[in-house]
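Chains as they are written, first to last, in our numbering: chain U, 232 to 600; chain B, 371 to 759.
Calculated from the structure, these hints are not laboratory results.
Treat the hints loosely; a few may be bogus.
Unchecked claim - In silico DSS-like links for lysine-lysine, alpha-carbon gap of 30 Å or less: (1) U/K597 x B/K505; (2) B/K495 x U/K376; (3) B/K480 x B/K495; (4) B/K614 x U/K497; (5) B/K614 x U/K597; (6) U/K486 x U/K545; (7) U/K393 x U/K455; (8) U/K597 x B/K642; (9) U/K376 x B/K642; (10) B/K495 x B/K505.
Unchecked claim - Covered stretches of chain U (in silico footprint by chain B; criterion: 3 or more residues with CB under 8 Å from a CB of chain B, positions within the stretch not fixed): (11) 400 to 408; (12) 458 to 464; (13) 591 to 597.
We put the beta carbon where it would ideally sit given N, CA and C, even for glycine.
Each chain is listed here by its residues.
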Amino acid sequence: MKFTTNKIALVKALNKVAAVSTRTAVDDTLYVLLETVDNMLNLTATDLQVTMRVEQEVIVMEEGRLAVNTKRLLEIVKELPTATVELSANEEQLEINCESSHFLLNGLSSEEFLRLPAFNPSVEIGLPSKTLIKMLDKTVFCVSKNESRPEINGVLFDIHGKELRVVSTDSRRFAFTSLSGTYNLLQDPTKIVILPKVLTILIKEAEETEEITLGFNDRYLMFKYDNVQLFSLLHDHPYPEYERVIPNDNTNIAKMNRDALLGATKRMNVLSSIGSSQMTLEFNQNELKLFVTSEETGTGDDRIPINYTGENLKIGFNSSFLISLLPKLDNEEIKWEMGGPLKASIIRPMEEEKDLKYYFLLMPLKLPS
Amino acid sequence: MNIILHVDMDAFFASVEQVINPSLLGKPIAVCGAIEGRSIITTSSYAARARGVKTGMPIYLARKACPSIILVEGDHRKYLYYSMQIMNILKRFSDRVEAYSIDEAFLDLKGICKDLEEAKSLGYKIKKTIRQELKLPCTVGISQAKIVAKVATSLGKPDGLFVIPKNELDRHYWTLPVKELVGIGQSTEVALKIMNINTIGDLANAPVTDLIRRFGKNGYWMKQIALGNDPSEVVHDGLQPPPKSISHSTTLDQDIKDRGRLRAVLSYLVSKVAQRMWVHGASYRTIYLVVRDSSFKTVSIARTYDGHDRGEALLFLRSASILDGWINDNPATKVRLIGIGISGFNYGAYQMELPLSRQARQDLAVTDIVTRVRRRFGQNSILRANALV
Numbered sequence: 232m233k234f235t236t237n238k239i240a241l242v243k244a245l246n247k248v249a250a251v252s253t254r255t256a257v258d259d260t261l262y263v264l265l266e267t268v269d270n271m272l273n274l275t276a277t278d279l280q281v282t283m284r285v286e287q288e289v290i291v292m293e294e295g296r297l298a299v300n301t302k303r304l305l306e307i308v309k310e311l312p313t314a315t316v317e318l319s320a321n322e323e324q325l326e327i328n329c330e331s332s333h334f335l336l337n338g339l340s341s342e343e344f345l346r347l348p349a350f351n352p353s354v355e356i357g358l359p360s361k362t363l364i365k366m367l368d369k370t371v372f373c374v375s376k377n378e379s380r381p382e383i384n385g386v387l388f389d390i391h392g393k394e395l396r397v398v399s400t401d402s403r404r405f406a407f408t409s410l411s412g413t414y415n416l417l418q419d420p421t422k423i424v425i426l427p428k429v430l431t432i433l434i435k436e437a438e439e440t441e442e443i444t445l446g447f448n449d450r451y452l453m454f455k456y457d458n459v460q461l462f463s464l465l466h467d468h469p470y471p472e473y474e475r476v477i478p479n480d481n482t483n484i485a486k487m488n489r490d491a492l493l494g495a496t497k498r499m500n501v502l503s504s505i506g507s508s509q510m511t512l513e514f515n516q517n518e519l520k521l522f523v524t525s526e527e528t529g530t531g532d533d534r535i536p537i538n539y540t541g542e543n544l545k546i547g548f549n550s551s552f553l554i555s556l557l558p559k560l561d562n563e564e565i566k567w568e569m570g571g572p573l574k575a576s577i578i579r580p581m582e583e584e585k586d587l588k589y590y591f592l593l594m595p596l597k598l599p600s
Numbered sequence: 371m372n373i374i375l376h377v378d379m380d381a382f383f384a385s386v387e388q389v390i391n392p393s394l395l396g397k398p399i400a401v402c403g404a405i406e407g408r409s410i411i412t413t414s415s416y417a418a419r420a421r422g423v424k425t426g427m428p429i430y431l432a433r434k435a436c437p438s439i440i441l442v443e444g445d446h447r448k449y450l451y452y453s454m455q456i457m458n459i460l461k462r463f464s465d466r467v468e469a470y471s472i473d474e475a476f477l478d479l480k481g482i483c484k485d486l487e488e489a490k491s492l493g494y495k496i497k498k499t500i501r502q503e504l505k506l507p508c509t510v511g512i513s514q515a516k517i518v519a520k521v522a523t524s525l526g527k528p529d530g531l532f533v534i535p536k537n538e539l540d541r542h543y544w545t546l547p548v549k550e551l552v553g554i555g556q557s558t559e560v561a562l563k564i565m566n567i568n569t570i571g572d573l574a575n576a577p578v579t580d581l582i583r584r585f586g587k588n589g590y591w592m593k594q595i596a597l598g599n600d601p602s603e604v605v606h607d608g609l610q611p612p613p614k615s616i617s618h619s620t621t622l623d624q625d626i627k628d629r630g631r632l633r634a635v636l637s638y639l640v641s642k643v644a645q646r647m648w649v650h651g652a653s654y655r656t657i658y659l660v661v662r663d664s665s666f667k668t669v670s671i672a673r674t675y676d677g678h679d680r681g682e683a684l685l686f687l688r689s690a691s692i693l694d695g696w697i698n699d700n701p702a703t704k705v706r707l708i709g710i711g712i713s714g715f716n717y718g719a720y721q722m723e724l725p726l727s728r729q730a731r732q733d734l735a736v737t738d739i740v741t742r743v744r745r746r747f748g749q750n751s752i753l754r755a756n757a758l759v
């Protein structure tokens, strides 16, 4: 293998595949497979759960392949002068030449590198990237991390006709998003469950692009955009029938300002976060009273104006859940619909967008009697 | 005015056996570990005691002392069941009840009775209620301090009621030998004898400086107790601080590595942990598994979850998955002791869950009912089937 490229393009491509790394810093054990075919360099990295492939146009002198440590290669290339870089490889080492700099980096023969199974998606659909990322941002955060509940460890893509629903839950919160209208998706109703990691990468990496292609068959899925392909296994635990838990008869409705509620909740959270994040809310006609009582730390209360129709209601909520959820609402005015102190409540934006609908379910805390 | 009432069941295990099998009533019977072998007498009826049978006596000696003795193998589950019934009755008379042992309790009557006279009639009422509902005899002791009330009970035995008012300590309390006091064992008794202290009264009159020189801080408390100034409170449920963790462990009859049997033991331990958690109204965030192998190497594996939970089925699933992980890492290792604990409690509000799966929905409802059954009929009255493997 032998090719030349410019330093900046190579750093960019390496930075992209490094996103597969489990931690924020690039994982020391992450290898990248460099492969030259025609006039293309393919960079592939995997952590076994997610595999990313980036295509980069280079000038290929000789076809071939070698896997090297991603972090080390990236660090070397970053430090090189901004100039043309020549990379060549035998079976064991990658040689890097750039002006007066010269490196021989030990590699991993491509046989040792994980071989990707051939993947032919049986279905491919194009999705508007900005909307999809918005949907993912509103759902990935509330996926359950509880390993004993594998059925809710992923995000559900529920596709039917012209509607794509992306939903998630940790059994205490539930996020619902729905894209519908102009896009012709699939005739047959289809449900796939995707582990959050590949989606987190997508949120971070695919913001700039126009369209994202989602492809899948019965085992694998793929996201494709620009020069990037992301692969992952489908999560094979059937998702619970979420429609049944969405209440449709919540008659106590409070309208309020999102930031006023968020601010007051954050203030209460200073005391409540030490224990169970327990916060009590009292909904009255024109006012919402929030308070915390903690034996360890003390007490606090706050009030915000609301527009409320329904019975006077005293209801407990986890303040941390509200703090994570409220910023996901794009509208400044929000609507909170409650069934009762022990029933699921719905928080939604006052005004809905044309093609994107979303809301959140939040289960209350049962207050000690 | 502080008023403490002490209840002590008379020949408890033997009396329970007589209630269950009335043909034993009035006869010399003794409860022992096992009828055959080297077992000793745990309790005996008063008819047996009159013939010289004593607690702790080997069976063959008891047979010698009383050839007509009827031996009964003890069954702790029966006694626990009756013990719970007794405690439940006592809680009707005071909200501050301390279960001091399986057959003994203290009741704090401050604010319930205005003087010892009233306490006395309440004491008779308690005796009558226990006798009527459970057919069991007991003795009641009443005083202004816990330790004196306990001494009063021993003076009232059997089936009696005895009151020691503070101004009559000289008559009923100070005349007793020091060994009657809780906490004064044989060696302390000998040490006191050397100081010429034989009765509780001697102890009450001894210079505190001498006692402190000989026994340190304990010397001070010994004198206080002899003076009838027992400062200890009736430790009832409302006074006990909520636990920071709950755990149960057991050493296995023999070392095993069989996954199914280990899971069975684990299931049993989980039921005990879950029961206590539920009774305390707590929910946990952290589970820790303790395993000691046959070479006495002990490991503790902890796992913390992202929210608080309290269902027994989920607790078992999680514990079993931790155990499975350990077995997979140590497939050939035999286990000597296994323990399971939970911590990171939340006592306040409980996070509700969306009814997403039937299992999760049922877990809490089942745990609630099972806990109530166990409270009433004993821990082993209802178990998960996998504990029986």
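Inset, instruction - Decide if the proposed pair is consistent with the structure: U/K597 and B/K505, CA atoms, cutoff 30 Å inclusive. - result: violated (42 Å)
Legend entry - Satisfaction of hint between B/K642 and U/K597, Cα-Cα up to 30 Å: Between U/K597 and B/K642 the Cα gap is close to 25 Å, so the pair holds against 30 Å.
Legend entry - Hint consistency between B/K480 and B/K495 [alpha-carbon to alpha-carbon, up to 30 Å]: holds (17 Å)
Legend entry - Cβ contact check, 8 Å cutoff: the stretch 591 to 597 of chain U against chain B, three residues minimum: n = 5 at 8 Å, threshold three: holds.
Inset, instruction - Starting from U/K486, check that the Cα of U/K545 is at most 30 Å away, please. - result: holds (16 Å)
Legend entry - Three-residue Cβ test at 8 Å for the coverage of the stretch 458 to 464 of chain U by chain B: Violated, because only 0 residues of the stretch 458 to 464 of chain U bring their Cβ atoms closer than 8 Å to Cβ atoms of chain B.
Inset, instruction - For the pair we were handed, U/K393 and U/K455, check the Cα-Cα distance against 30 Å. - result: holds (21 Å)
Legend entry - Assertion that chain B covers the stretch 400 to 408 of chain U - criterion: three or more residues, beta-carbon distance below 8 Å: Per the Cβ count (5), the hint holds.
Legend entry - 30 Å Cα cutoff - pair B/K495, B/K505: With a Cα-Cα distance of about 14 Å, the restraint between B/K495 and B/K505 holds, given a limit of 30 Å.
Legend entry - Given hint U/K497 paired with B/K614 - CA-CA distance at most 30 Å: Holds - the C-alpha atoms of U/K497 and B/K614 are around 28 Å apart, at most 30 Å.
Inset, instruction - Decide if the proposed pair is consistent with the structure: B/K614 and U/K597, CA atoms, cutoff 30 Å inclusive. - result: holds (21 Å)
Inset, instruction - Verify the proposed pairing of B/K495 with U/K376, using a straight-line Cα cut of 30 Å. - result: violated (57 Å)
Of the numbered hints listed earlier, those contradicted by the structure are 1, 2, 12.
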